[in-house]
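Sequences listed follow chains A and B, in order.
Following the working numbering, the numbering of the first sequence begins with 23 at its first residue and continues without gaps.
Following the working numbering, the numbering of the second sequence begins with 23 at its first residue and continues without gaps.
Careful: at least some of the hints might be erroneous.
The list treats identical chains as interchangeable, and a pair is accepted whether it falls inside one copy or across any two copies.
[As the list claims (entries may be wrong)] Derived pair list, reagent style DSS-like, types lysine-lysine, alpha-carbon separation capped at 30 Å: (1) Lys120 / Lys150; (2) Lys55 / Lys120; (3) Lys135 / Lys177; (4) Lys104 / Lys120.
The set of hints was computed from the structure by calculation and includes no laboratory data.
Remember, it's a predicted structure, so these values are computed and weren't measured experimentally.
Protein chains: 2
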Amino acid sequence: MEIRNVESSDYYVISPLINEWWGGRQMSDMLPKLFFDHFNNTSFVAEQEGEIIGFLIGFMSQSQQEVAYIHFVGVNPKQRKKQIGKQLYNEFFTVAKKNNRNVVRAVTSPVNKVSIAYHTKMGFQIEKGNKEDDGVSVFSNYDGSNQDRVLFFKKVD
Amino acid sequence: MEIRNVESSDYYVISPLINEWWGGRQMSDMLPKLFFDHFNNTSFVAEQEGEIIGFLIGFMSQSQQEVAYIHFVGVNPKQRKKQIGKQLYNEFFTVAKKNNRNVVRAVTSPVNKVSIAYHTKMGFQIEKGNKEDDGVSVFSNYDGSNQDRVLFFKKVD
Chain A
23 MEIRNVESSD YYVISPLINE WWGGRQMSDM LPKLFFDHFN NTSFVAEQEG EIIGFLIGFM
83 SQSQQEVAYI HFVGVNPKQR KKQIGKQLYN EFFTVAKKNN RNVVRAVTSP VNKVSIAYHT
143 KMGFQIEKGN KEDDGVSVFS NYDGSNQDRV LFFKKVD
Chain B
23 MEIRNVESSD YYVISPLINE WWGGRQMSDM LPKLFFDHFN NTSFVAEQEG EIIGFLIGFM
83 SQSQQEVAYI HFVGVNPKQR KKQIGKQLYN EFFTVAKKNN RNVVRAVTSP VNKVSIAYHT
143 KMGFQIEKGN KEDDGVSVFS NYDGSNQDRV LFFKKVD
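Construct the entire structure; sequences and hints are all you get.
Structure follows, in C-alpha cells:
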C-alpha cells in the first residue's frame, strides 16, 4: 500500500466510490470537487496496485492558526482491519505538526458509532456539548436543525 | 450597510436563509458549518440594522498559492440592485491581494444565468471548457455525473 497526496483528478474516482462504500447513503454531496483542488497538500489517498482503497480530506484551518481539521475519511469496507485509516490519520497528524498546529479536530454524527469508537481508539477526546446521546456528549443542532454532532479533538504537539 | 468578517455563530442565521433566498432550492447543504469556523478571515457578511442581507464565503487556496476561491455568495433577493454583492466581492479581492493571490476563481452551474451575467459584469472571464451550453463554455461532468460547471477567473494583481 502506498500513501500519496490527493490529486484533482482523484475526485472522479473517489466521488462515485463514496456512496458505494457508505452502503448507498448519499454522502458524496459532502465532498464537492473544491476539496480536491485546494487542499491537496494536506489530503491523502491510499492506493494498492493502482486502486484507491482509502482517502483522507483535511486542511489547516485558515482562521484558527492552531487547528488542523479532518473533513472526510473513507476506507473501502472490503479493506478494513488493515490499518489503512490509521496510516492516513498519522500522515495527517504529521503534516499538522509540520504546520505548527497543536490540535486536530473532526466532527461526526452521534448515529455513527463506528466513527466515534474509531476516533476514541485513535486518541481523540470528545468535547463537552450541551446534551448526551447514548452516553456520548453532543452539540445539539450543531450542523443545522436536528443535526446533532459529536466534536472530537486530539492534541498533536 | 456594514461589512464585517463572518463569525461562527452566523451559520445559524445564514443557513436557514439560504434555502429561502434561493426560492426553496435545497442549497444549504453546500455550506456546512466548517466554512463558518475555518475561513472567517476571508469570508464576509453584509449587515443592515443588525440584519444579515448578504454574505460571501471564500478562502485562500491552500495548495494553489496564487489562487483565492469564492465558494458561495448570497444576497437577500429583496435587497438586490444595492451593490451589496459588489461590495462583498471587492472586499474579497482586497483580502486576496493582501495574501499575494493574483487570481480569484469561482464556479457556477450553466443553468444559473444570473450568476454568469453577474460574474461577467464583475470582470470575471470564463475558462474554456470542453463544450458549449447556450453559448457559454462549460466543463462537462465537472462536479460529478451530469453536473456541468462554468469556471470563472479574474486577475486581481
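Status of each hint after checking the structure:
When the C-alpha separation of lysine 120 and lysine 150 is checked against a cutoff of 30 Å, the pair qualifies only within one copy, where the shortest distance is 28 Å, while the shortest distance between copies is 37 Å. In this homomeric assembly, lysine 55 and lysine 120 come within 30 Å of each other (Cα to Cα) both inside a single copy, at 26 Å, and across copies, at 26 Å. With identical chains, the CA atoms of lysine 135 and lysine 177 are at most 30 Å apart within one copy only, with a shortest distance of 22 Å there and 47 Å across copies. Taking the shortest Cα distances, lysine 104 and lysine 120 sit within 30 Å of each other inside one copy (26 Å), while across copies they are farther apart (45 Å).
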